[in-house]
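Top to bottom, those sequences are chains A and B.
The numbering of the first sequence is the numbering used here, which starts it at 155 and goes up by one.
The numbering of the second sequence is the numbering used here, which starts it at 155 and goes up by one.
It should be emphasised that the hints constitute simulated quantities derived from the structure, not laboratory data.
A portion of the hints provided could be inaccurate.
It does not matter which identical chain is used: a pair holds within one copy or between any two.
To be verified - The calculated lysine to any residue pairs, modelled on SDA-like cross-linking and capped at a C-alpha distance of 20 Å, are:
| hint | residue 1 | residue 2 |
| --- | --- | --- |
| 1 | 386 | 314 |
| 2 | 272 | 176 |
| 3 | 370 | 270 |
| 4 | 219 | 208 |
| 5 | 158 | 254 |
| 6 | 214 | 197 |
| 7 | 393 | 320 |
| 8 | 207 | 162 |
| 9 | 345 | 236 |
| 10 | 393 | 279 |
| 11 | 392 | 258 |
| 12 | 243 | 356 |
There are 2 protein chains.
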Amino acid sequence: MKKKKNPTACVIIIGNEILSGRTIDTNKNYLCKELTSNGIDVIEARVIKDNEKQIINTIKQVRKKFNYVFTTGGIGPTHDDITSLSIAKAFKVDLIKNKKAVNILKKYYSSNELELNKSRLKMAYIPKGAELLHNPITKAAGFRIKNVYVMAGIPEIMEAMFKKIILKIKKGIPYISRNILLNLPESNIAKDLSNIQNKFKEVEIGSYPFFKGKLKGVNVVLRSKNKLEINKAYKEIKKKTNI
Amino acid sequence: MKKKKNPTACVIIIGNEILSGRTIDTNKNYLCKELTSNGIDVIEARVIKDNEKQIINTIKQVRKKFNYVFTTGGIGPTHDDITSLSIAKAFKVDLIKNKKAVNILKKYYSSNELELNKSRLKMAYIPKGAELLHNPITKAAGFRIKNVYVMAGIPEIMEAMFKKIILKIKKGIPYISRNILLNLPESNIAKDLSNIQNKFKEVEIGSYPFFKGKLKGVNVVLRSKNKLEINKAYKEIKKKTNI
Chain A
155 MKKKKNPTAC VIIIGNEILS GRTIDTNKNY LCKELTSNGI DVIEARVIKD NEKQIINTIK
215 QVRKKFNYVF TTGGIGPTHD DITSLSIAKA FKVDLIKNKK AVNILKKYYS SNELELNKSR
275 LKMAYIPKGA ELLHNPITKA AGFRIKNVYV MAGIPEIMEA MFKKIILKIK KGIPYISRNI
335 LLNLPESNIA KDLSNIQNKF KEVEIGSYPF FKGKLKGVNV VLRSKNKLEI NKAYKEIKKK
395 TNI
Chain B
155 MKKKKNPTAC VIIIGNEILS GRTIDTNKNY LCKELTSNGI DVIEARVIKD NEKQIINTIK
215 QVRKKFNYVF TTGGIGPTHD DITSLSIAKA FKVDLIKNKK AVNILKKYYS SNELELNKSR
275 LKMAYIPKGA ELLHNPITKA AGFRIKNVYV MAGIPEIMEA MFKKIILKIK KGIPYISRNI
335 LLNLPESNIA KDLSNIQNKF KEVEIGSYPF FKGKLKGVNV VLRSKNKLEI NKAYKEIKKK
395 TNI
C-alpha cells in the first residue's frame, strides 16, 4: 500500500524591513510551527521585497511546486502595500473593489466613528475570484486565490487570520518528534548516527550542535510519522551513547 | 552621470529544523543587518531543507541573479550535513579532500588531544577549486566557490566566518535611515505618505504599523543613499503629521 504523503507548503514573507534586518521576522517561525504540527510539510520559505516583479515571479514559481502557499505582508492601506495588486497580476486577473470587503470595512469604521477614506478603501480591493479571509482584529480581509493564502504582516493579525484558515484546509499526519540532548561533540557520534539513519529509513534523524559559552553539545532530533520506528531508533541511539 | 548600484545578495538558510519551526532562525537577521550596513542590498532570503536536489536547484537559480550568495548550515560531520556535496554538484565539480583543510583540522584536534576520525575528516572535503573560509572557533572551514559563500549553521561560528568575509568583499554605499514614530493608524497618513513618496524618488518610504495591546501606531521608515533628499522628505512628513 502506498503511503499517503502530507500536503506541502511554502511560506512567503513579503517586506523590505525584513531584508534590511530592521525587523525581526517572527511570522515565518509561527507559520512553520503551526503548519508542521498540523501535518503540513513546509518545504521552503522565502523572504522577498515589496517589489511587484519579484512578488509576481515568486508566486508564479512556488504555487506550482507546493500544495499551499502562505504569504504575509503588504496588504495595508499605504503606498508600499502592493501585495494584492501583484498577486492579481500573477494570476492575470483584475484587482476589483470587493463588495463584501467594502461592507465589512464600512461597518467597522462607522462603529468606530471613523471615516472610510480612500486609503482605507484600498484594503477592499481584492483579486477577482478570490475568497475573503476573515480578520477578526482590524477587519481588513486577507484573501485566498487558488492555493495561495494572502495574509497581513502584523503578527497579531496574521495569527488571527491563520487560526481561521487552518480550520478549513486539508491537513496531513503530524510527525512525532523525540529529542536526545548529548553533552559531547557531534563528531563523536556521527558514525553511529549514520548507521542508525541507514537502518531506519522512516525516521528523519537530525543532529544539531550548539555552543553555550565553551560547552559543546548536540541535540539529536528524531522525526517520523511511524511511532514504532521512531521508538526503535531512539532506543538504539540511547544505547550507543550510553545514557 | 549614471549612479552606481550597490552589490546585491541572497541569503540561503539550509536546515530542516528551521522549516519545522523547531529552531528559531537568527542567522538570516544577522546577515541581513550586516550586509545592509555594508551597502550590500539583500534582495531575497530563502530557507530550504537539507535536501540535495533542493540545494542544487536553489544555488543554480540564485547565483545567477545576485552578486553574492551566502549560505548557512549543513557543513558539519554528521550524515545530515550534505551542503558541501550538494554545492559541488551544483557547480559540477568534485568534492575533494582539501589538504589545507586537513592540516588545519589535524593541528586543531591534536592540540586538543582528540582523534581526527572519519566523521571529523568529512569536514575537510571541499568542492574542487573552492577557497577556504576561516573558522576561528572550531577550525572546520567554510568555503567560497565563485560568488557563493558557504558558512556554518551555528550562529557563533557563522558570525565569526562572516566577520572575515566582509573584510574582503566589495561593498556599496550604505543607506541612511530615519525613523518617525506616530501614534495614529497608518490609514490616516497614507495619502500624504504616497504624495511625499512620489515627490522623493530617491527615498524609500516604508510604513510599518504595529500593535501594542490596543494601541495602534506606525513606524515610518525613510531609507536613502542621498542625505539631502532623505532630510527633505523627513521634514515634509514631520510637517504633515504636525509633530
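Consistency of the hints with the structure:
1. 386 / 314: This pair counts as neither: shortest intra-copy Cα distance 39 Å, inter-copy 39 Å.
2. 272 / 176: For residue 272 and residue 176, the Cα distance exceeds 20 Å both inside one copy (29 Å) and across copies (42 Å).
3. 370 / 270: between (58 Å within a copy, 17 Å between copies)
4. 219 / 208: Both, since 17 Å and 12 Å are each at most 20 Å.
5. 158 / 254: neither (38 Å within a copy, 47 Å between copies)
6. 214 / 197: both (16 Å within a copy, 18 Å between copies)
7. 393 / 320: neither (40 Å within a copy, 44 Å between copies)
8. 207 / 162: For residue 207 and residue 162, the Cα distance is within 20 Å only across copies (16 Å; inside one copy 25 Å).
9. 345 / 236: between (50 Å within a copy, 15 Å between copies)
10. 393 / 279: Cα proximity of residue 393 and residue 279: none, with 60 Å in one copy and 30 Å across.
11. 392 / 258: Cα proximity of residue 392 and residue 258: none, with 57 Å in one copy and 32 Å across.
12. 243 / 356: neither (41 Å within a copy, 26 Å between copies)
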